[in-house]
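Q: Residue numbers (the numbering used here), protein chains in the order written: chain A, 1 to 203; chain L, 204 to 466; chain Y, 467 to 557.
Don't read these hints as lab results, they were simulated from the structure.
Calculated pairs, SDA-like style, for lysine to any residue (alpha carbon to alpha carbon, straight line, at most 20 Å):
#1 K82(A) to T538(Y)
#2 K82(A) to E518(Y)
#3 K82(A) to G266(L)
#4 K428(L) to R497(Y)
#5 K82(A) to R540(Y)
#6 K82(A) to Q268(L)
Chain L regions said to be covered by chain A (calculated; three or more residues, Cβ under 8 Å):
#7 256-264
#8 305-319
Bear in mind the structure is a predicted one, so any value in this text is a computation, not a measurement.
Every residue gets a Cβ at the ideal spot worked out from N, C-alpha and C, and that includes glycine.
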Amino acid sequence: MTPTRGFTGRRGAEADEQRVPPGQYATDGFPVLSAGPTPRTPLDRWDLALQDGGSLLGKWTWDEFQALPQTELTVDIHCVTKWSKLGTVWEGVTIDDLLAAAGLDEPPAPYLMAHCDGGYTTNLPLEDLLDGKGLVATRFDGEPLAPEHGGPARLLVPHLYFWKSAKWVRRLRFMEHDEPGFWESLGYHIYGDPWREQRYAGD
Amino acid sequence: MPAIEAARPPAGAGTPRLAWRQVEVIERIAETPRATTLVLDVPGWPGHLAGQHVDIRLTADDGYQAQRSYSIASPPEVPQLALTVERLERGEVSPWLVDEARPGDRFELRGPIGGYFAWSVTAGGPLLLVAGGSGVAPLMAMLRHRAASGEAGYAVSACLLLSSRSVANVIYREELQRLGSAPDGPKVVHTLTRAQPPPGWRGYARRIDAPMLAEVGFQPAAAPKVFVCGPTPMVEAVAEALVGLGHEPERVKTERFGATGGE
Amino acid sequence: MSGEQACSTLDGNAAGGLLREVFAFDATEARTTCSGCARTAPMAELRLYAIELGAILRCPSCDEAVVRIARTPRGLWLDLRGAATVVAVSA
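Can you build the whole structure from these sequences, using the hints too?
A: Following this line, the structure appears as structure tokens:
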């Protein structure tokens with residue numbers, strides 16, 4: 001295809017090549033991509049649940065969640081639509097601390113499905129959430145997380161494509177076997193490692 | 204408007220798959236400070252209905268591509284396609300189209316697309332068109348088609364209510380003035396939403412609402428075909444007001460213009 | 467228009483090109499019945515999300531995903547389970 005004269009798109013942020021996975025472009029912006037309308041859950045109605053089969057392993061109101069150990073992370077994030085944003089600053093509760101708060105020495109199952117306001121889901125191996133790899137984030141860039149970007153709380157799993165960092169997360173349900181979530185059941189990769197360019201099923 | 208040949212209307216069921224084709228810019232027209240019309244040479248264009256749109260695709264040197272949809276502003280009677288584009292503040296594609304694109308430039312296009320938001324004089328009227336800003340583009344194609352259709356066009360009563368930020372941002376202002384003052388021309392009513400109207404202004408000066416629609420448009424009893432196009436909040440408010448006034452929902456066709464979240 | 471929207475800024479009209487890749491007819495006029503709330507609407511009037519990945523078309527009444535389409539290099543994935551019926555309008 002003949003290139004279009006003078007068109008460069010929105011890319012061009014300066015970036016350390018080593019930090020940008022194959023096929024990605026660094027951006028200064030923060031594009032909003034949603035599969036549905038932005039929910040507006042008031043904090044006094046928000047809660048986060050940990051579920052295993054029919055059992056509720058833990059449930060926190062907003063105030064209870066805020067009382068858990070808070071962790072700040074600075075990470076690079078990578079969207080499957082090819083933009084990457086380097087050095088983003090988040091704050092929230094690690095999955096490790098969440099499991100500990102529920103009294104769990106180890107996760108009851110190897111996988112979980114994140115369920116979100118609005119119906120979005122995504123699946124993850126616990127291995128990719130423990131040891132500080134996953135956070136339930138409530139603050140971005142020093143401010144409360146905006147609704148358009150997933151507020152009050154979203155999952156943050158920066159080493160995988162950003163569709164795994166589920167916005168508006170409300171429930172983490174343990175699973176014995178890996179099952180595809182919203183995008184994974186529609187042709188996107190079940191795991192989603194940006195360094196191996198696992199965008200689509202079969203990659 | 205030169206009449207070249209009557210375009211064949213696109214087929215219904217069994218329409219061949221859309222293919223991307225390369226097109227060339229042959230003219231650029233600055234409509235307003237924010238909006239530009241690009242006139243395109245599209246070899247082998249199969250024809251279209253007023254109201255339909257195209258997808259366009261731009262490719263950077265390194266292969267990066269961006270794709271967006273734009274309404275066709277030209278009528279089926281004219282072989283060159285015209286697209287009227289408004290620059291979106293944080294747009295990725297619109298700034299190139301509005302500020303950069305010049306005669307000789309090439310990009311990819313596919314179409315025509317969309318049977319829902321389309322009209323031809325054979326569908327009859329009366330025709331009520333309600334536009335917000337650059338949402339006027341597909342409705343202008345309808346008015347241009349009506350004007351190019353001779354007796355069959357004049358037989359359809361038409362009315363355009365156009366909402367713009369300010370006088371300087373009224374797209375197609377002179378042409379609408381001409382069309383509106385021609386015998387059997389459409390009724391054209393303007394409203395401004397942001398600026399103070401200039402002295403002598405005879406239009407409205409507020410957002411479109413039910414009383415304005417009731418005063419300006421055809422009565423529900425006339426069963427007009429209604430097309431509403433513009434930013435989402437405007438389209439939703441207007442559609443709701445029209446249905447509230449008694450227009451049949453099936454006769455009110457809507458098209459929301461806007462940015463993707465990635466803009 | 468700001469990149470941060472509370473609601474969808476596009477509708478099924480803007481997915482017309484993609485729908486033409488999926489269906490042999492113009493699907494913007496096709497009438498869908500939502501499997502969530504039974505609301506009937508032309509596909510053009512469904513609210514469009516995630517156009518960067520394909521199209522998620524949601525019911526204007528209850529936000530149920532009526533049509534889900536994802537574009538991948540190996541083809542289009544289509545999920546119509548959110549539509550109780552889809553009726554193509556004949557020419």
